Every structure is written in C-alpha cells, then in structure tokens.
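Novice: Spelled out, the chains give:
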Amino acid sequence: MRPFAYHQPHQIPDAAKLLTSIEDSKLVAGGMTLIPTLKQRLANPPALVDLSKLGNLKGIADDGVTVTIGAMTPHAVVAASKLVQQKIPGLAALASMIGDPAVRSRGTIGGSVANNDPAADYPAGVLGLGATIVTTTREIAADKFFLGLFETALEPGEIITAIRFPVPLKAGYAKFKAPASRYALVGVFVAKFADGVRVAVTGAGPGVFRVPQMEAALSGNFDPSAIAAIKIDTDGLTSDIHAEADYRAHLVTVMAKRAVDAALN
Amino acid sequence: MQISFTLNGRPTTVDVEPATLVAELLREQLHLTGTHIGCDTSQCGACIVHLDGLPVKSCTLLAPALDGATLLTIEGLQGAPGSNQMHPMQEAFREHHGLQCGFCTPGMLMTAVALAAEKPDLTEADVRHGLEGNICRCTGYQNIVVSVLAGAAAMNAAKGE
Numbered sequence: 043m044r045p046f047a048y049h050q051p052h053q054i055p056d057a058a059k060l061l062t063s064i065e066d067s068k069l070v071a072g073g074m075t076l077i078p079t080l081k082q083r084l085a086n087p088p089a090l091v092d093l094s095k096l097g098n099l100k101g102i103a104d105d106g107v108t109v110t111i112g113a114m115t116p117h118a119v120v121a122a123s124k125l126v127q128q129k130i131p132g133l134a135a136l137a138s139m140i141g142d143p144a145v146r147s148r149g150t151i152g153g154s155v156a157n158n159d160p161a162a163d164y165p166a167g168v169l170g171l172g173a174t175i176v177t178t179t180r181e182i183a184a185d186k187f188f189l190g191l192f193e194t195a196l197e198p199g200e201i202i203t204a205i206r207f208p209v210p211l212k213a214g215y216a217k218f219k220a221p222a223s224r225y226a227l228v229g230v231f232v233a234k235f236a237d238g239v240r241v242a243v244t245g246a247g248p249g250v251f252r253v254p255q256m257e258a259a260l261s262g263n264f265d266p267s268a269i270a271a272i273k274i275d276t277d278g279l280t281s282d283i284h285a286e287a288d289y290r291a292h293l294v295t296v297m298a299k300r301a302v303d304a305a306l307n
Numbered sequence: 252m253q254i255s256f257t258l259n260g261r262p263t264t265v266d267v268e269p270a271t272l273v274a275e276l277l278r279e280q281l282h283l284t285g286t287h288i289g290c291d292t293s294q295c296g297a298c299i300v301h302l303d304g305l306p307v308k309s310c311t312l313l314a315p316a317l318d319g320a321t322l323l324t325i326e327g328l329q330g331a332p333g334s335n336q337m338h339p340m341q342e343a344f345r346e347h348h349g350l351q352c353g354f355c356t357p358g359m360l361m362t363a364v365a366l367a368a369e370k371p372d373l374t375e376a377d378v379r380h381g382l383e384g385n386i387c388r389c390t391g392y393q394n395i396v397v398s399v400l401a402g403a404a405a406m407n408a409a410k411g412e
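Protein sequences, first through last, are from chains Z and E.
Note that the numbering used here has the first sequence beginning at 43, numbered continuously upward.
Note that the numbering used here has the second sequence beginning at 252, numbered continuously upward.
Just so you know, these hints were derived from the structure itself, not from any lab.
Incorrect hints may appear among the rest.
What the hints assert, rightly or not - Dumping the calculated DSBU-like pairs for lysine-lysine here, alpha-carbon to alpha-carbon at most 35 Å:
1) Lys100(Z) - Lys410(E)
2) Lys186(Z) - Lys100(Z)
3) Lys212(Z) - Lys370(E)
4) Lys410(E) - Lys129(Z)
5) Lys212(Z) - Lys59(Z)
6) Lys370(E) - Lys129(Z)
7) Lys100(Z) - Lys129(Z)
8) Lys370(E) - Lys100(Z)
9) Lys95(Z) - Lys129(Z)
10) Lys234(Z) - Lys100(Z)
11) Lys129(Z) - Lys234(Z)
12) Lys124(Z) - Lys95(Z)
13) Lys370(E) - Lys81(Z)
14) Lys81(Z) - Lys59(Z)
15) Lys100(Z) - Lys59(Z)
16) Lys129(Z) - Lys273(Z)
17) Lys410(E) - Lys234(Z)
18) Lys81(Z) - Lys129(Z)
19) Lys124(Z) - Lys212(Z)
20) Lys370(E) - Lys95(Z)
21) Lys219(Z) - Lys95(Z)
22) Lys410(E) - Lys124(Z)
23) Lys186(Z) - Lys273(Z)
24) Lys234(Z) - Lys273(Z)
25) Lys370(E) - Lys124(Z)
26) Lys212(Z) - Lys129(Z)
27) Lys410(E) - Lys68(Z)
These numbers come from a predicted model, not from an experiment.
Could you put together the complete structure from these sequences and hints?
Specialist: Put into structure tokens, the structure is as follows:
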C-alpha cells in the first residue's frame with residue numbers, strides 16, 4: 043500500500059466535506075473491497091475517510107411496510123437479525139451467504155451497494171426488492187441507482203446513509219458461487235409483491251439487471267415451473283476464466299428456479 | 252498516528268502509519284507471530300483475530316480500525332484465566348488431530364471459537380459453512396470439523412460448570 047492520510051469524522055457533513063475537498067480521496071466502510079484494492083495498488087488515494095465513527099449509520103428498523111438498514115450495518119448483523127429474518131427472510135439468507143464469517147463481520151451493506159461489484163450479492167437483493175437508496179442528499183430508487191460495472195448514480199461527495207426495503211409477500215435468493223472468492227458466478231433474487239414479481243440477477247453480466255420475461259411469468263404463476271423454459275440471451279453476459287456466457291445464461295434460469303423455491307419454503 | 256486498544260487483555264498504545272495492516276502490526280511491530288499471513292488476499296483465514304469479539308481477517312484490516320477496540324489474537328486464547336491451560340478448542344484440536352503442518356491452525360481456532368460462542372448447538376453443516384473462510388491444504392478438513400464440534404461441546408460444558 044502507498045501511504046495515505048486517515049480521517050475519522052464524527053459528523054456526516056464533515057465526511058462529505060472531506061470527500062469533496064480532498065481530490066481522489068475515498069470513503070472506507072468495512073474495507074472488504076477497498077483494502078484489497080489498495081494492497082494491489084489499483085487505487086492510490088491520498089486520503090481515506092473512515093465512516094465508522096459517524097453516528098446513526100448502523101442498525102435495522104421497521105415501520106410495518108418497510109425495513110430500513112443503516113449503511114454501516116455489517117452483513118453478519120443483517121443475517122442474524124430476527125427482524126430481517128421475520129420480515130424479509132430472503133434478504134437475511136442473502137446476507138448469510140456473502141463471503142465468509144470474517145468478511146461478514148466487517149463488510150457493510152452501504153459499502154457493497156456503493157461499490158456495485160458486478161458479482162456482489164446485495165445489489166441483487168436491493169434491485170430485486172425495489173429498495174430505495176437513502177443518501178446524504180436524496181433518495182434514489184434501485185432501478186435508477188445501478189448503472190453498470192462498478193458504476194452507480196452517486197454524485198461526488200454523496201454518501202449512502204441507509205437502504206429502505208419494501209416488505210414483500212415472499213422473497214428468495216439463490217447463488218452459484220465461485221468456490222475461491224465466494225462471489226456470485228450467478229445469483230438471482232426474486233421477490234413477490236401484491237402488484238407483481240421482480241427478478242434481479244447478479245454475477246452474470248457487467249452489472250445487476252432485471253429479467254422482465256421471468257417477472258411476467260412468475261407474476262402469473264409463482265412457481266419454479268413457470269420459468270423453467272425461459273432462456274436468457276447471452277448477449278452482454280460475461281465470459282471469463284470462471285464461466286462462458288452461455289453457461290452463465292443457463293445458470294440464471296437454474297438459480298431463478300431455486301430462488302423461487304427458496305421463497306416458497 | 253497514535254492508536255490505543257486492548258490487546259489480549261492489556262491496554263496497548265502504538266504509533267502506526269495509517270496504511271498499516273493489523274497483521275503487519277501484530278507480527279512486525281508487536282512481535283506476536285502466532286497470527287499468520289497465508290494468502291494476504293483475504294481468502295485463506297490464517298490471519299483471523301477477534302475484533303470486539305468478532306472474527307476478522309487481520310490482513311484486510313487497517314490499524315486505525317483498532318483505536319478504542321478490543322483485540323484478541325491466538326496468543327490471548329487460553330483456558331480458565333491464570334490456569335496456564337490451553338483453551339478447550341485448542342485441546343480439542345490436539346485430541347482429534349485437527350492439524351498437520353499447523354500453519355492454518357491459529358486462524359482455524361479463532362474462527363472456531365467465534366463460531367461456537369455464537370451458536371451453542373453447532374451442527375456439522377454449521378461448522379462446514381462457518382469454516383468457509385479458512386483454508387487448510389493438509390487435512391481435507393475432516394478432523395478439523397470433528398475438532399471444532401468437540402471443542403464447541405467442551406466450551407458449552409465449561410460454561411455450564
């Protein structure tokens with residue numbers, strides 16, 4: 043790692059100010075992506091702005107129709123939360139499948155969503171549930187937030203403070219993980235609401251995306267058999283050392299069926 | 252920058268560069284070499300320590316994160332305080348041959364102790380899922396899983412006494 047200055051602001055406005063006033067500075071939440079990036083010298087920021095001392099960014103609350111998770115809430119806390127397990131069990135299950143226990147101790151929902159790794163788990167849950175990303179300046183719908191490879195709608199100096207999830211009737215997540223990294227080779231989140239079904243896929247392409255064909259089929263019949271014959275177009279899917287695009291396309295259908303199965307059980 | 256934390260029960264203050272990893276701080280500055288650096292890419296788990304009671308990978312943790320926190324390393328793992336005995340999980344690894352070369356063992360033990368503390372009624376499936384972030388290249392995991400289950404049972408028994 044190259045040297046950097048380290049700032050631990052106690053107030054959110056101070057963090058935003060540091061981030062905008064020091065060019066190329068980076069926010070650090072749990073550091074599960076940033077620290078490996080720094081170690082490989084893929085990023086060499088002059089300063090890090092640590093979010094861990096800011097108040098009110100941790101914790102989980104519900105108001106009956108939504109569950110709000112503070113941006114600095116670690117995956118292990120979401121996975122173990124009785125509230126999340128009861129209201130959105132598919133989301134608690136997703137959190138329990140991220141990385142490994144030590145990664146879940148440190149990694150945060152805000153960090154994962156802001157980073158928007160193409161194979162991260164949370165973007166599938168956030169898009170699949172149609173969540174709202176709450177930031178220091180506004181609220182952003184998941185459908186307008188994830189813009190592609192590591193790219194989001196966040197403006198410079200804008201910091202995620204919480205993610206607000208509508209409580210679905212049913213939801214489930216299934217992933218085929220890369221065995222070494224435990225990232226999703228393909229992960230699919232399905233959520234059934236009174237007005238329809240949402241299906242979001244991570245790992246398969248350069249960014250998380252929805253599958254309208256599957257959503258329509260599942261809205262009519264929320265059963266794995268409803269999507270068994272749906273084939274995903276390989277155009278735009280990722281081919282790499284881990285899997286070819288056609289294999290990933292195949293996995294999308296398999297994982298989607300398993301996610302529906304998980305949601306039903 | 253100066254950071255203060257509790258290390259294996261003792262108040263500790265050190266001067267560090269912010270770009271110092273906790274694994275480096277422990278091994279090179281504090282000479283606690285029981286924490287191993289295996290892959291240095293947060294995959295293998297040989298460097299796992301407990302930060303405020305939770306297992307974390309010290310090769311992927313910046314030293315400033317320790318300020319005000321409580322850190323437990325393999326050197327701080329022990330049986331009853333002052334007894335000079337091994338921790339029940341360490342005893343179980345010895346009893347059940349839960350290691351061969353021993354390189355991964357400090358991380359295995361730290362993960363196992365956290366796992367057993369979090370869930371008293373561990374199943375074999377829980378242990379295998381819980382050890383996902385710890386890689387052993389010798390044993391094939393069978394004896395490690397047996398050791399963790401035995402160690403967890405011993406921890407529960409000790410708690411009940």
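Novice: Within a Cα-Cα threshold of 35 Å, do Lys186(Z) and Lys273(Z) meet the stated pairing?
Specialist: Answer holds: Lys186(Z) to Lys273(Z) is near 26 Å, not above 35 Å.
Novice: Is Lys370(E) within 35 Å of Lys100(Z), Cα to Cα?
Specialist: Holds. Lys370(E) to Lys100(Z) sits at ~23 Å (cutoff 35 Å).
Novice: For the pair we were handed, Lys100(Z) and Lys129(Z), check the Cα-Cα distance against 35 Å.
Specialist: OK: Lys100(Z) and Lys129(Z) at ~18 Å, within 35 Å.
Novice: Taking only the CA atoms, is the gap from Lys219(Z) to Lys95(Z) under or equal to 35 Å?
Specialist: Roughly 33 Å between the alpha carbons, so the hint for Lys219(Z) and Lys95(Z) holds.
Novice: Assess, step by step, whether the Cα of Lys129(Z) is no farther than 35 Å from the Cα of Lys273(Z), and give holds or violated.
Specialist: 31 Å, holds
Novice: Given the hint that Lys234(Z) pairs with Lys100(Z), does the C-alpha gap stay at or below 35 Å?
Specialist: 27 Å, holds
Novice: Given the hint that Lys410(E) pairs with Lys68(Z), test it: the Cα-Cα distance must not exceed 35 Å.
Specialist: 44 Å, violated
Novice: Need the status of pair Lys370(E), Lys81(Z): alpha-carbon distance at most 35 Å?
Specialist: 34 Å, holds
Novice: Does Lys59(Z) sit within 35 Å of Lys212(Z), going by the straight-line distance between their CA atoms?
Specialist: 41 Å, violated
Novice: So if I understand the rule, the pair passes when the alpha-carbon distance is 35 Å or less; does Lys370(E) with Lys95(Z) pass?
Specialist: 29 Å, holds
Novice: Against the 35 Å threshold, does the CA-CA distance of Lys100(Z) and Lys59(Z) hold or violate the hint?
Specialist: Within the cut-off at roughly 21 Å; holds.
Novice: Can the restraint linking Lys81(Z) and Lys59(Z) be considered satisfied, given a maximum Cα separation of 35 Å?
Specialist: With Cα atoms ~26 Å apart, Lys81(Z) and Lys59(Z) stay inside 35 Å; holds.
The structure does not agree with the numbered hints 5, 17, 18, 27 stated previously, though it agrees with the rest.
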